[in-house]
Structure formats: C-alpha cells, structure tokens
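Residues per chain, in single letters:
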Amino acid sequence: MEASEIKQPVKQTATKSSVLAAVVALIGLADSAYLTAKHFNGTKVPCSIVSGCETVLTSSYAEFYGIPTAAFGVLAYLLAFSLALLTAFGSRGLWNLFGALTVIMTAFTLWLIYLQAFVIGAFCQFCLISAATTITLFTIYVISRLAGAKISQ
Amino acid sequence: MENENKSGKSAAPFIIIGLIILATIAGIWWISQSGAPGGETNTNSAESTPRTEDTYAKAPAGAVPEHFKGSQTATVVVEEFADFQCPACRDMHKTVNEINAAYGSQIKFVFRNYPLIQTHPKAYDAAVAAEAAGLQGKFWEMQNLLFTNQEKWSTEPNHRSIFAEYAKTIGLDMDKFSQDSLGINAKSRVDADMQRGNGVGIRSTPTIFVNGKPLAFEQSTVEGIKAAIDAELKRTAPKTEENSDAAGNNNAGSGDEKKDEPSAGNTSNSESNSEKK
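Respectively, the protein sequence lines represent chains A and B.
The end of the first sequence is residue 153 by this note's numbering, with every number in the run present.
The end of the second sequence is residue 1277 by this note's numbering, with every number in the run present.
Careful: at least some of the hints might be erroneous.
Computed list of lysine to any residue pairs in SDA-like fashion (alpha-carbon distance at most 25 Å, straight line) [as the list claims (entries may be wrong)]:
| hint | chain 1 | residue 1 | chain 2 | residue 2 |
| --- | --- | --- | --- | --- |
| 1 | B | K1152 | A | K16 |
| 2 | B | K1094 | B | T1221 |
| 3 | B | K1152 | A | F64 |
| 4 | B | K1187 | A | A62 |
| 5 | A | K16 | B | E1165 |
| 6 | B | K1187 | B | T1221 |
| 7 | B | K1152 | A | I143 |
| 8 | B | K1168 | A | A117 |
| 9 | B | K1058 | B | E1165 |
| 10 | B | K1058 | B | V1077 |
| 11 | B | K1176 | B | G1199 |
| 12 | B | K1176 | A | A62 |
| 13 | B | K1213 | B | A1061 |
| 14 | B | K1152 | A | Q125 |
| 15 | B | K1176 | B | K1213 |
| 16 | A | K16 | B | I1015 |
| 17 | B | K1094 | A | F40 |
To be clear, the hints were calculated from the coordinates, so they are not data collected in a lab.
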C-alpha cells in the first residue's frame, strides 16, 4: 500500500475512495457475471416463492440487440474496476472518468429498477444487488469529490 | 515519492486487471457449463425435500370440485401447482399437454392455482380470470390462453382488459365474467388451491405430484413425468390380470374411459364439458 503513504490529504481521500470503489466494483462484477452466465446457460428455472428472477431474466428486457443486459453490467464493472484500480495506483486523472462512468451506470440502473417495478412487475434480487453496487460506486465518487473539495478549500 | 512514481507506471494494476478479466471469463464459462443440468434448481429441490406423502394426505382439499382432465376414477393422479405468470409454468403447460395426450383417461390430471403473489403481481388476477371462466365451464380454454399468451399480458399494465378480451374470444358471457372476476366465488377457489399448495409445501412453481409424490423440477420433463406415471400405473394395476404389463403402457385406457361418463355427473355441470376434452 505505497499509495496510502502519500502525504496530501486530497490524494489520500481519492486513493481510499478508489480502493473501496475497486472492491465494490468487484462485487458488482461477480454479480453481473453470474447473471450473464445464467443467461447463456439457458436452464429453465422454476419460479420460487421469494424470487422473481425467472420472470425478470426471461423478460424482453433481458437482452438488447441480442446481448444479455447483464453482459453490459460485466463490461461496465470491469471498466469501473480498472479505472478505480489505476486511480489507486496513482493515475488520478482517471478518477473523473470513473465518475462519468458511474453517472451513466446509475442512470441505466434507475431505468432497470423502473422496468422491474412498473413494466415487468417482478423483482430479481441479483439485479437489485447490481443496482446497489452501482449506486454505491456513484456515492463513493460523490463523497470523494465533496471531501476533496472541502480539504482543498 | 519514489514509490509513487514507480507504482504509477508499474505493470501491477494491468496485471491485476488482466487476471480479473480472465477470472470473469472463466467464471462465466464455468457457471454456464456446469450449471446446465441443475444449478439453481438443485437447491430448490433440496428445499422441497420436506414434502412427503404424509403432508400431502393431510393438506387441505383445495378448490372443490377440482379442475381435471382424464378420468375421475383413474388410479394415477397427476396434480400440478402452477402460476400463470411463471415462465417455467408456461413451458410445463406444453409438457402437461403432451402427457394428457399420451395417457388420456388412464390418469386424472388436476390443475391447481398457486400464484406467487410476492413476486408475480399479475398472477393472482390471472388465476381469478381462469376460475371466472371456469364458472362458465371454460376453465381449460382460459387456462390455455393465459399460458400461451403469457408474454403478452404479463408485461402489460392493463392486464385485466386483456383477460376480458380472452373471455370474449372463448365466448363467455361478459357481464358474468366481469362480475365473477371481482366476486368471491372465483377468488375463493384460487385461495382454496393456494391453501392446499401451502399444505403440501409448495416452494416453487411448477410442482408436479404423481399420486402424492412430488417430482423434482429437473425430473418434471415429458420423459420424467411419464416414468413416474408408468411406475404408478404398474404399481396400482391389478396383478391377477394377464395384461398387467400393458397397463404400464399407453394403450390401456379403453376400460377407464367408460367410468368417465357417470363420474362426470358428480362434478358440477359447468365443468363436465371441458373435462372430457
């Protein structure tokens, strides 16, 4: 952890945030990778009392242009993880790019939640985990910026 | 500061990223391959192991009279618990149609409503619509339309008006249908089925019972259900008869067919037409 030895508090905040963001992105990555695998797997799953996954994952929104929605998640989380990691290793300019990515991801996530709630009419926990990790990434970025701004004042 | 410069340009992050990408691809490949035969379904059937024939026998009766195909007096009873909004139940609908076509009056096939109200907000309304059609003797027609058009109505906000269209298609009295859709009769039938489902320990839909024995989901294919039915036909066949072996095959139905006629009188008139299909 050489990076955490950096003296300036601004840099330190960004580093801590980016390490945390990288970890959260990995959770999102594992989740969306699992959903992608389930999609390719194509196994028919019974509908459970507590999970609406089957309904959501077989809905017309489970794919866009033949690409599973979850695969977009995999790419987004890989990118988010890479940007956060590179930031943690010192390429601090990438943190803004990470921020821009989380804005796009959050917008997409909110739309997917809307679809589950009002269009498909069923929720899938694995999709909600992804929503939670995306919103967490966005929150981490916003907090790091606010903290950074305060310190630099 | 030396460290910082070093780490900023080092290959370490790229190696980590590369490893993560490889791990992701490997993970997706592994789950999509190894999960194929069962995966998640295994945990479901593991959950469902507490179901026994004993709990089945003690469970509430469900809606009376039940909707069935085949023969009232058949020795093998196939009972399905299903949710109209569940995609796996839509697939099971085709499977069950094949089973009914193959066995006819050798079996009694009973359909039970088990809408998963927590996850499928339209499933209960769909079950009520089917029961409302059943009050006019057209349960199976509505049941078929609901399953075959599942993708259409389950993503529509105004699903009730789509159900009304189906009711019109199958020639129901529309005033009665819309009253029954709101009234207590159709709902109480759905509720009775759900209580039975809770009693027998349904944890997921579709669940198929053959003479009280629950089939695991992965066993509930055309072949799997046939195997379970054949085993029961063999077990319940009178051993004195020479052709007891034939009872296990598909051509022993002629004797049972006649029993269907008087038994139809025991059930309500509104249903007897559709049952003989």
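Outcome of the hint check:
no.: 1; hint: B:K1152 / A:K16; result: 48 Å, violated
no.: 2; hint: B:K1094 / B:T1221; result: 10 Å, holds
no.: 3; hint: B:K1152 / A:F64; result: 18 Å, holds
no.: 4; hint: B:K1187 / A:A62; result: 33 Å, violated
no.: 5; hint: A:K16 / B:E1165; result: 59 Å, violated
no.: 6; hint: B:K1187 / B:T1221; result: 30 Å, violated
no.: 7; hint: B:K1152 / A:I143; result: 43 Å, violated
no.: 8; hint: B:K1168 / A:A117; result: 30 Å, violated
no.: 9; hint: B:K1058 / B:E1165; result: 39 Å, violated
no.: 10; hint: B:K1058 / B:V1077; result: 16 Å, holds
no.: 11; hint: B:K1176 / B:G1199; result: 32 Å, violated
no.: 12; hint: B:K1176 / A:A62; result: 38 Å, violated
no.: 13; hint: B:K1213 / B:A1061; result: 16 Å, holds
no.: 14; hint: B:K1152 / A:Q125; result: 24 Å, holds
no.: 15; hint: B:K1176 / B:K1213; result: 38 Å, violated
no.: 16; hint: A:K16 / B:I1015; result: 21 Å, holds
no.: 17; hint: B:K1094 / A:F40; result: 23 Å, holds
Violated hints, listed in ascending order, are 1, 4, 5, 6, 7, 8, 9, 11, 12, 15; each of the other numbered hints is respected by the structure.
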